[in-house]
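A.B. asks: Required output: the full structure, derived from the provided sequences and hints.
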Amino acid sequence: MMESPPALALEEVSKRFGRVHAVDHLSLQVEPGHMAGFLGPNGAGKSTTLYMIPRLVRPTHGRISIFGVDIWKDYKKAIRSVGITVETPAFYEYLSGRKNLELAARLLDHVSPREIDEILERIGLAERQHDRVRVYSTGMKQRLGIGRALLGRPRLLILDEPTNGMDPEGTHEILSFLRHKVRNDGLTLFISSHLMSEIEEFCDTVFVINRGHLVASGSVKELLKPHERIVRVTFQGRTPDRDFISRHEQIRKAEFMTADTVEFTLAQDDPAWLNQCLLQAGFSVSALAPKQKTLKEFFLSITGLRHDEVPSSINQPPATQAGDKPHA
Amino acid sequence: MPSQFVTLLRNEVTKAARRRLSYFGLFAVGLVCVIIYFIAGQVGNSATTNAWGYVGFSMQLLFNDIGPICIIGFAAKLVADETGAGTIRSALAAPVHRWEFYLAKAVIGLLYMLVLSAFALLFSAALASVHYRFGPVGDSVGVIYSRNQAMREFLVCCALSWIPLSALVMYGLLISTVLRNPAAAVAVGISSLFLINFTKHLVGLDPYIFTRYIDYSWLTLQQIAQGMDYQWRPEVWRMIELSGVSAVLTFAAGLILFVREDLNN
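Heads up: the sequence lines are chains L and G, in that order. Take the first sequence: its position 3, counting from 1, is numbered 3 in the working numbering, and each next residue is one higher. Take the second sequence: its position 228, counting from 1, is numbered 228 in the working numbering, and each next residue is one higher.
Treat the hints loosely; a few may be bogus.
Lysine-lysine pairs mimicking DSBU-like chemistry, simulated, CA-CA at most 30 Å apart [as the list claims (entries may be wrong)]:
#, chain 1, residue 1, chain 2, residue 2
1, L, 99, L, 221
2, L, 99, L, 76
3, L, 76, G, 15
4, L, 221, L, 296
5, G, 15, L, 77
6, L, 181, L, 76
7, L, 99, G, 200
8, L, 221, L, 291
9, L, 253, L, 296
To give an idea of the chain L side of the interface with chain G (calculated C-beta under 10 Å), a few residues [unchecked claim]:
#, residue
10, 84
11, 173
12, 177
Bear in mind the hints are in silico, worked out from the structure with no lab data behind them. Virtual Cβ for every residue (Gly too), placed ideally from N, Cα, C.
C.D. replies: Shown next as structure tokens:
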């Protein structure tokens, strides 16, 4: 049986703007039916990479293919299976939301008015479909952008910061809907976001880019494997004292998180040893778990940024300022 | 996959039909037509002694200023509006080639020019018919040009007047491709048009600039209306040549720039 080609493949892709290497020999593959996250700090080259997929930016070097079709050899065939939003979705503001979708649908094969109705229903804009986009909130525009990308039943969906400006409820609803599409319709999703909680919760694989280079990739589970050296223990009753800690060289550090919870930093990845040691000393342990690494910690560790250098938006809840209320 | 040009053009027509700017041009031209109507009554020159002359006079005045301003303003917004607002990203992320998109923009610019010109013509003709007849042209001695002959030359006039205007559309489109801010594109388009018109005589470029022919056809129609022995050739060949070359060059330059440029921020 022939192996199916990757949904999206970038091979040694580079883009130079003058002397600046925005993207430098970037290679990645998104397998069909996966939800892949694309992470990177501001200026890492995420947007430039996404711009190169629909040929909005011409790569200096490298090859991009979609389901095995080179975008520079047969663009129409390649892009037909893709729904894409790059940066904040823009619309003809003097037209209604529905009219905007209709204009986009004309360029695709066989998109029926019924499909447009279904999408508007799905993205929660059915009631406001005849309003001009000018009066839509940022969140509504984001949803309309996702709706537009879903037109024509694409096999690969590429979304750039899709939940910017959405309220937390809307964010969760949209991402759950997309996950449903991935699981049930075989859709492949490549999603760029600075909200690492989103990526962590919804994506199977993640690609991390920094200064134009791919610095990490793999399954989220693998990348976020818990810290075996940092173990959080909750006690019932008595807790270890300084003497106990100083007697055991393998314990590098012990920090009280609450009155009955202590975080131990061990010299080796051996939480089982700590458990045995505590039990032998007569402590009553009610819970012991290696500390979960967050994607943010992982991201910081590999991009070389310090906590105070991280853009303020990273890992914060989605902005709710615009909510779903229309602009006045 | 077949060319998407027709679909893109349909989209362009939908967009143009729903924008205020398109109607503003028609309104402005209509308003100036009415003003000309009152002025013409007071001027009472020999050019406006019959309906042909009145239409020629009206169209010449219209396409001296307001007509070209509206046309270049519309054309200068075509691409810049999309790049400025970011709608170009989604437009080109569809199965369309950039040349198809650009060609659709050029054609909608030409269609707008035709609609504006036809509207101005019909409005002028309607106002002309209030006082004059579209009859034969003659003097005290007799008929110089029959009604049919005058009508034929009138239609030739209309068709020829579109040639330099097409070059103007392509020039506006080129500016629209170079500048990504629609307001700046319109401002540069209109101001450069005036700058060229004011300075071309001074620097000796007048024979090489197509804008000199924008009202040429209507001046000739006025000559016909006065019973003068008009002469299309050889000047008309020069007009076709210069305007055609300008239109093709500006279109090609804009297309090459548009197809090659990076459309990131």
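A.B. asks: For each hint, tell me whether it holds in the structure or not.
C.D. replies: Here's how the hints hold up against the structure:
{"no.": "1", "hint": "99/L to 221/L", "result": "violated, 42 Å"}
{"no.": "2", "hint": "99/L to 76/L", "result": "holds, 23 Å"}
{"no.": "3", "hint": "76/L to 15/G", "result": "holds, 24 Å"}
{"no.": "4", "hint": "221/L to 296/L", "result": "holds, 14 Å"}
{"no.": "5", "hint": "15/G to 77/L", "result": "holds, 27 Å"}
{"no.": "6", "hint": "181/L to 76/L", "result": "holds, 24 Å"}
{"no.": "7", "hint": "99/L to 200/G", "result": "violated, 45 Å"}
{"no.": "8", "hint": "221/L to 291/L", "result": "holds, 14 Å"}
{"no.": "9", "hint": "253/L to 296/L", "result": "holds, 23 Å"}
{"no.": "10", "hint": "84", "result": "holds, 5 Å"}
{"no.": "11", "hint": "173", "result": "violated, 23 Å"}
{"no.": "12", "hint": "177", "result": "violated, 20 Å"}
Hints 1, 7, 11 and 12 from the list above are not met by this structure, while the remaining hints are.
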